[in-house]
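Residues per chain are reported as follows:
2 protein chains.
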Amino acid sequence: MLRDGFQMEPDFIPTDTKVSLANRLSEAGISKIEVSSFTSPKAIPTLADADTVFERIRRYPGVTYTALVPNLRGCERALACRVDELNVVVSVSETHNLANLRMRPEESLEQIALISKRAADNAAVNVSVSTAFGCPFEGRITRDQVFSVIDQLAAFGIELVTVCDTTGVANPAQVYDLFDAASRRWPEMSFTAHFHNTRGMGLANVIAALDTGIRYFDGSLGGLGGCPYAPGASGNVCTEDLVHMLQMMGYDTGVDLDLLLGIAHDLPAIVGHDVPGQVMKAGTSDRTYPKPAGL
Amino acid sequence: MLRDGFQMEPDFIPTDTKVSLANRLSEAGISKIEVSSFTSPKAIPTLADADTVFERIRRYPGVTYTALVPNLRGCERALACRVDELNVVVSVSETHNLANLRMRPEESLEQIALISKRAADNAAVNVSVSTAFGCPFEGRITRDQVFSVIDQLAAFGIELVTVCDTTGVANPAQVYDLFDAASRRWPEMSFTAHFHNTRGMGLANVIAALDTGIRYFDGSLGGLGGCPYAPGASGNVCTEDLVHMLQMMGYDTGVDLDLLLGIAHDLPAIVGHDVPGQVMKAGTSDRTYPKPAGL
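Going down the list, the protein sequences come from chains A and B.
Quick note on this note's numbering: the first sequence kicks off at 172 and runs consecutively.
Quick note on this note's numbering: the second sequence kicks off at 172 and runs consecutively.
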């Protein structure tokens with residue numbers, strides 16, 4: 172959350188604030204926290220303090236601390252910081268991979284093979300497969316294109332795969348189709364669903380993925396994030412709105428929603444602007460009001 | 172849409188604007204338009220021009236023009252205006268019914284019986300069952316409470332029922348359970364689902380209702396509406412975001428999405444503020460951008 176949520180923010184978020192947020196998210200019971208990114212500080216200045224943040228966060232038992240790792244150099248930095256899990260990205264779309272990572276997807280896959288070998292017993296490796304439902308440059312992405320990428324990941328022995336709707340174009344029918352087929356084809360893999368709420372379909376896509384048996388979802392506190400190709404639109408699926416929905420449906424998320432909402436309430440002051448989260452504004456579904464006078 | 176969308180707006184929307192919006196929505200292929208409300212002009216001043224609006228809109232073949240009708244007096248006005256369908260409201264929650272309609276639910280049901288008799292062959296009667304998933308005063312509403320209201324409607328011969336999540340508290344599990352059971356219990360009835368996006372679950376609830384076979388959904392252009400008990404939160408499910416999702420999923424909605432988005436784009440200027448609709452900001456899912464230079 173911290174990484175995807177903050178990388179779009181124009182102002183540098185103080186290291187103390189990041190550490191405190193990571194600790195508070197751990198306390199709230201979030202099971203996996205993407206703390207930062209070991210990319211070039213020039214590429215994402217606001218995450219240039221990744222090493223320091225990892226040094227200073229408290230590690231809670233049961234919580235997986237992950238970081239984005241773009242290449243072998245980032246992998247070395249992450250391993251030195253004792254990151255539990257490396258998150259490596261490859262786009263299904265060649266154009267998006269070139270724009271985002273300055274490499275062709277084949278080169279990213281080679282990096283992933285090397286990182287996976289290097290990490291070995293020191294850290295888990297999760298691969299985020301980007302633009303899996305559509306690309307802002309190439310348009311619609313087919314399931315076969317996505318599966319051909321996952322086939323190669325399986326060949327490297329990767330068992331943790333996040334399927335990402337990077338720019339919020341996926342619809343629930345497409346989501347159901349892809350996750351249903353992927354879960355059957357690679358029963359040994361653990362899939363995470365990563366949605367953006369850019370066109371209002373974030374939680375609808377969560378429902379579609381849930382229906383196929385997916386139980387891991389990415390979210391971003393307050394719905395921070397956004398996408399440079401969808402100006403004015405919402406960002407990642409909002410973590411607390413997601414947890415709220417799942418809990419109201421009767422799922423045991425392991426998260427303390429009150430604590431989580433408390434952190435979300437502090438977010439606008441941290442980033443200096445309003446955030447898209449809705450439960451923090453409306454209150455939970457079981458909130459009640461005093462009866463109007465005279466009734 | 173016009174009624175639920177505009178009734179929360181503090182400023183009077185000119186009659187010409189309302190007529191033009193109704194005509195444009197008809198042209199875009201919306202199958203049912205709630206044009207206004209025949210309530211007391213004192214209660215909702217911005218809809219005081221209901222009679223004039225109905226007189227001046229163009230009636231498109233295949234489009235049902237409806238209006239909210241709170242009582243027998245409103246029914247007479249609506250019939251005089253040749254309204255195709257009267258929408259009458261009753262809350263499952265006694266407190267909400269008292270607050271909203273200044274009557275107990277039993278009195279509302281009596282009104283509905285009278286209105287239904289009076290309308291007879293002159294207009295269809297749809298009943299909107301409010302607070303069907305929860306009440307801002309009484310909290311959780313059970314399925315049995317809702318069914319006991321629908322039982323009485325069935326006894327009056329009502330065949331059109333809209334089940335409303337008035338304050339945006341419903342979750343997809345609850346929605347699936349209610350619509351699945353209702354569709355089995357009253358196979359002769361035509362159910363519409365009415366959701367608010369107050370806690371981000373609007374389209375997720377649509378997916379859950381779709382899964383039970385529901386095919387009629389209420390929406391509000393731009394997501395206007397809101398709720399006095401959820402300050403700062405979104406209003407009704409946004410019509411164009413809903414149509415966009417359904418079309419992307421492969422459903423034939425009969426709506427021209429480009430025309431609909433054109434109307435939505437004019438909405439902020441009409442109401443004088445930003446609206447929650449997201450597709451109007453982000454563009455449709457198949458929107459593509461030029462490849463970045465140098466790739």
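In case anyone wonders, no lab produced these hints; they're calculated from the structure.
Just to be clear, a hint being listed does not mean it is correct.
If we take Cβ atoms under 8 Å as the criterion, some of the chain A residues that face chain B in the derived model are [as the list claims (entries may be wrong)]:
1. Phe308
2. Gly339
3. Gly371
4. Met416
5. Asp423
6. Val426
7. Leu428
Covered stretches of chain B (in silico footprint by chain A; criterion: 3 or more residues with CB under 8 Å from a CB of chain A, positions within the stretch not fixed) [unchecked claim]:
8. 302-311
9. 357-371
10. 410-422
11. 452-459
Here a beta-carbon is modelled for each residue, glycine too, at the ideal position from N, C-alpha and C.
A quick look at each hint next to the structure:
{"no.": "1", "hint": "Phe308", "result": "5 Å, holds"}
{"no.": "2", "hint": "Gly339", "result": "7 Å, holds"}
{"no.": "3", "hint": "Gly371", "result": "4 Å, holds"}
{"no.": "4", "hint": "Met416", "result": "6 Å, holds"}
{"no.": "5", "hint": "Asp423", "result": "13 Å, violated"}
{"no.": "6", "hint": "Val426", "result": "16 Å, violated"}
{"no.": "7", "hint": "Leu428", "result": "12 Å, violated"}
{"no.": "8", "hint": "302-311", "result": "holds (count 7)"}
{"no.": "9", "hint": "357-371", "result": "holds (count 4)"}
{"no.": "10", "hint": "410-422", "result": "holds (count 6)"}
{"no.": "11", "hint": "452-459", "result": "holds (count 8)"}
In terms of the numbered hints stated before, the structure departs from hints 5, 6 and 7, listed from lowest to highest.
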